[in-house]
Amino acid sequence: MNRVIHRMIIIGMIQAGMLVPAKGQTDLDFIYGCIADGELILREYLEPYARIIGSDMNAGWYNTARPHKLGGLDVTFSVSMARAPVTALTYGISDMELNGSVDMSSTVDAPTIAGAQEERPRITYSQQVDLGGGNMQEVEYASFNLPDGTGYDFFPLPVAQLTVGLPFGTDVSARFVPMVGLSTYGEIGLWGVGGRHSISQWVPVVKRLKFLDFGIQGGYTKVTSSLHVLVEPQPTVEVDPSPGFDWDDQFIVQNVEGWTINLIASQTLLFITFYQGIGYAGSMVEILAEGHYPVQSVVGEGEDLGKTTYEIVKDPVSLEFRNFNDLRLNAGVRLKMGVFTIHYDFTKTYYAVHSVGLGFTFR
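For the sequence shown, position 250 (counting from the first letter as 1) is numbered 250 according to our numbering, and the numbering increases by one without interruption.
Calculated from the structure, these hints are not laboratory results. Hints are supplied without guarantee of correctness; some may be wrong.
Within a straight-line C-alpha distance of at most 20 Å, the following computed EDC-like cross-link-like pairs (lysine to aspartate or glutamate) qualify [as the list claims (entries may be wrong)]:
hint : residue 1 : residue 2
1    : 307       : 140
2    : 314       : 257
3    : 222       : 47
The following label-pair restraints were derived from C-beta to C-beta distances [to be verified]:
hint : residue 1 : residue 2 : range
4    : 267       : 106       : 21 to 29 Å
5    : 206       : 92        : 46 to 54 Å
6    : 278       : 172       : 46 to 54 Å
7    : 247       : 362       : 16 to 24 Å
8    : 261       : 160       : 17 to 25 Å
C-beta: ideal position from N, C-alpha, C; glycine also.
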């Protein structure tokens, strides 16, 4: 797997609270061959993790429909984990309109980042060069197997959340992690806001049923990360048009947004609360390769005819993954022991999500 993909995986794993060893190639042939192909391949390759991140971010907002009283608060630490289905572990290469020549003699499917596969299709890039006198020669300048996956079809996202009670049966929640530097790699930060309002207080019949609560809840979360990479021309380049060029401005930037709105209910019996929710969730994942990158080609004229070279391309990759209007179904249980709480819930949205958490609650 090439170095850019390695860094993208690291970003995702840091966001998810776990680091795993990525395996595969160590060069950058996908970007040297053709930027347009690289975007198509990366879109299919990274899509499962974009869906996982979006599903994780919209989970863990509530474990009861009853808001805090004025001045009440709780601090909850939860971990949400979405898992990609089997159908998201591979993607078909035969229907993709690529500029390179694809050898599918071994397999027609390639692994996504969530899958793993020893045999993978191979892509070759070449260019026809007229050497003079009608002597046309095919010059190959890039050839590589499609990248392998990590073999991890899930990862957990840890979140710390503070909720404070306001007047009129309402409370607000905040999630926040300031921008944290990751050694020489880059930085990452998270923030989110949410709110919950009691519907029960406005319905006299329900208001008299002390064990039953209904409410409406919404939340928005954003994660921003930036990771430094280094992509230089391959050693096989024969003609260097920009010797000594400084490639130090290269960053992989990832912006992830998630939002949800839900109608929620809960039933409290002594120290046990059962809760349910139905609503909509959405997410957007943006991945950008910012800076200057070398894209290889073949010299088509002059004294260096037929030799490999490169051109410098600025901000070559821009990907966006959108999950809008996904129906969200949620059910869970919470145990309250004094000021301590523990909860578990299951959410069915674009991907299924399991969430567990511990908390301290007052009023």
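So, going through the hints one by one against the coordinates:
{"no.": "1", "hint": "307 - 140", "verdict": "10 Å, holds"}
{"no.": "2", "hint": "314 - 257", "verdict": "25 Å, violated"}
{"no.": "3", "hint": "222 - 47", "verdict": "18 Å, holds"}
{"no.": "4", "hint": "267 - 106: 21 to 29 Å", "verdict": "56 Å, violated"}
{"no.": "5", "hint": "206 - 92: 46 to 54 Å", "verdict": "51 Å, holds"}
{"no.": "6", "hint": "278 - 172: 46 to 54 Å", "verdict": "22 Å, violated"}
{"no.": "7", "hint": "247 - 362: 16 to 24 Å", "verdict": "53 Å, violated"}
{"no.": "8", "hint": "261 - 160: 17 to 25 Å", "verdict": "22 Å, holds"}
The structure fails hints 2, 4, 6 and 7 (numbered hints given earlier, in ascending order).
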